[in-house]
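A.B. asks: Heads up: the sequence lines are chains E and Y, in that order.
Start counting the first sequence at 305; every next residue gets the next number (this note's numbering).
Start counting the second sequence at 96; every next residue gets the next number (this note's numbering).
Incorrect hints may appear among the rest.
To be verified - To be clear about the criterion: a stretch of chain E counts as covered by chain Y if any three or more of its residues have a C-beta under 8 Å from a C-beta of chain Y, and this derived list gives those stretches:
(1) 405-414
(2) 466-476
(3) 481-490
What the hints assert, rightly or not - Short derived list, chain E residues pointing at chain Y, Cβ under 10 Å:
(4) Y318
(5) Q396
(6) P537
(7) D540
(8) L542
(9) T548
(10) A578
(11) G583
I should point out that these hints are in silico values taken from the structure, not numbers from a laboratory.
Glycine is no exception: its CB is placed at the ideal position from the N, C-alpha and C atoms.
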Amino acid sequence: MSNIIETKGLTFSYPQEEGEAVTLALNGVELSIERGSFVVILGHNGSGKSTLAKHFNAVLLPTGGQVLVEGLDTADEALLLEIRRRVGMVFQNPDNQIVANVVEEDVAFGPENLGVPTEEIRARVDAALRSVGMEPFTLHAPHMLSGGQKQRIAIAGVLAMEPGCIVLDEATAMLDPSGRREVLEAVERMNREKGITILLITHHMDEAVNASRVIVMDHGQVALDGPPKAVLPQVDRLRELGLTAPATVELLSRLRRDGWQVPLDALSVEDCAAAILAGLAK
Amino acid sequence: MEPIIKVEHLTHTYGEGTPFCRSAVKDVDLTIYKGEFLGIIGHTGSGKSTLIQHLNGLLRPTAGTVRLAGEDIWADPKAIRKVRFRVGLVFQYPEYQLFEETVYKDIAFGPRNMALSEEEIDRRVRQAAAFAGVREELLEKSPFELSGGQKRRVAIAGVIAMEPEVLILDEPSAGLDPAGRESLLRNIRQYHRASGNTVVLVSHSMDEIAENVDRIIVLADAGVAMEGTPHEVFSRAEKLEAAGLSVPQVTKVAMALRRLGVDIDPAVYTVGDLELALQPLRRRDAPC
């Protein structure tokens, strides 16, 4: 499978005050993101995960190394529009990314700027609003909506540009559980049905359970990288990295300490319950 | 138990007379007791933010009353400022509200407006900083040099420094990483124990509520949907899910086990509880 994004020896440091020591927010990150994959990036505050995410569509540019989006170097200013067309970004705070006075106009803003024909824009806006469950609010004013609703509008705005890859930088952090579920279902559907690559930066460990790959960042470097069943059962290592294992893994690991014969990688609620049932008889 | 806040038939309607007219809170009755650690939970748009802004008089009811220690807080609208000293409200993302030159001055802002002596202000600033987990050496720094998590603690200290009888925190852990979340909640629990004051934690994280509070009020569709101890509330997990809330992961595992025919209390809500509940079910003596 081909890679949609590659980073080569990526380093980044934020501008320093004079005399202050340079701290690297990213320190030699080598990553290849496969087209069509669903990648969850975890890490404590300050681990560099958001800094990394902002390199994927040239919001930040490397101070060392390279980021390639479908082979296009993000450091080349002439390619900026092409790169942002391919990789859409959704940020944490929806108030910073809503531009219009009417919901549908806000969602149409992206495709309009790409020169998409009017009828096509209509269809894209409707489809995008439908997939985030915001259709009933098409003609509402965004500032009258709740935080969670606004975030779903922002996500619809990116979906309407039909990018090959969507980066969600803690985009679910401000949503309630049902809002989070709706957003996750929407991006999972985009990934499954349209093959859009998803990079989800989050603090919620349970969002990593269904990913195809989990990356844990620490001190600007990749600390863990692999499928969820390989990464999430590492209870102690995750704790060292400032994270907690999903509740299912936490429970299974405690039961093992009590002498149960249960696997640690039964991550989903159903798998965990089945593993416990099997463990009861052993 | 003695009530500290009583809400009676509270209704609040936004945008009256416009096409967007909507009652965010409708005919709500509820009581908050002195010294308790209460959790208020509800999905986005359930009316929880609107409700808590009534508790310290930031919003005035469209109908109904809010009583603090028995007295209608709007009996004398000019005295509403005093209510805000007694009921401290920490908003979502409070770190955006810091403005002073130093952390110390920011925390001192509330007490200073209460016309206290310098010694009393100093005592309160240091005590509140300790409660909120703001280290002594940060007090003389500019709040804008701090990390997001530290800023949030400074903002919380600023409210604690007013020594409110009721401390209300709206989503205090939103956006923090798991370790930061645990540590902040530990500070809040310690504050509750040490001060004996009432604490109200507003959250949409079931896990967070389950692990911290004595009593839960569930809001849904602009009203109170459920009320009780965590055990009582989580034993009606299906009803919670119907209210647009998800139950803790651990409760979900217990529910799944019941569906598989395991006789287990579905109202467990912490990893430790489920671990304990499972032990007696295991056939230890089974031949290998």
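A.B. asks: Does each hint fit the structure? Answer for all of them.
C.D. replies: Against the structure, the hints:
no. : hint    : result
1   : 405-414 : violated (count 0)
2   : 466-476 : violated (count 1)
3   : 481-490 : holds (count 4)
4   : Y318    : violated (13 Å)
5   : Q396    : holds (7 Å)
6   : P537    : violated (15 Å)
7   : D540    : violated (14 Å)
8   : L542    : holds (9 Å)
9   : T548    : holds (4 Å)
10  : A578    : holds (7 Å)
11  : G583    : holds (8 Å)
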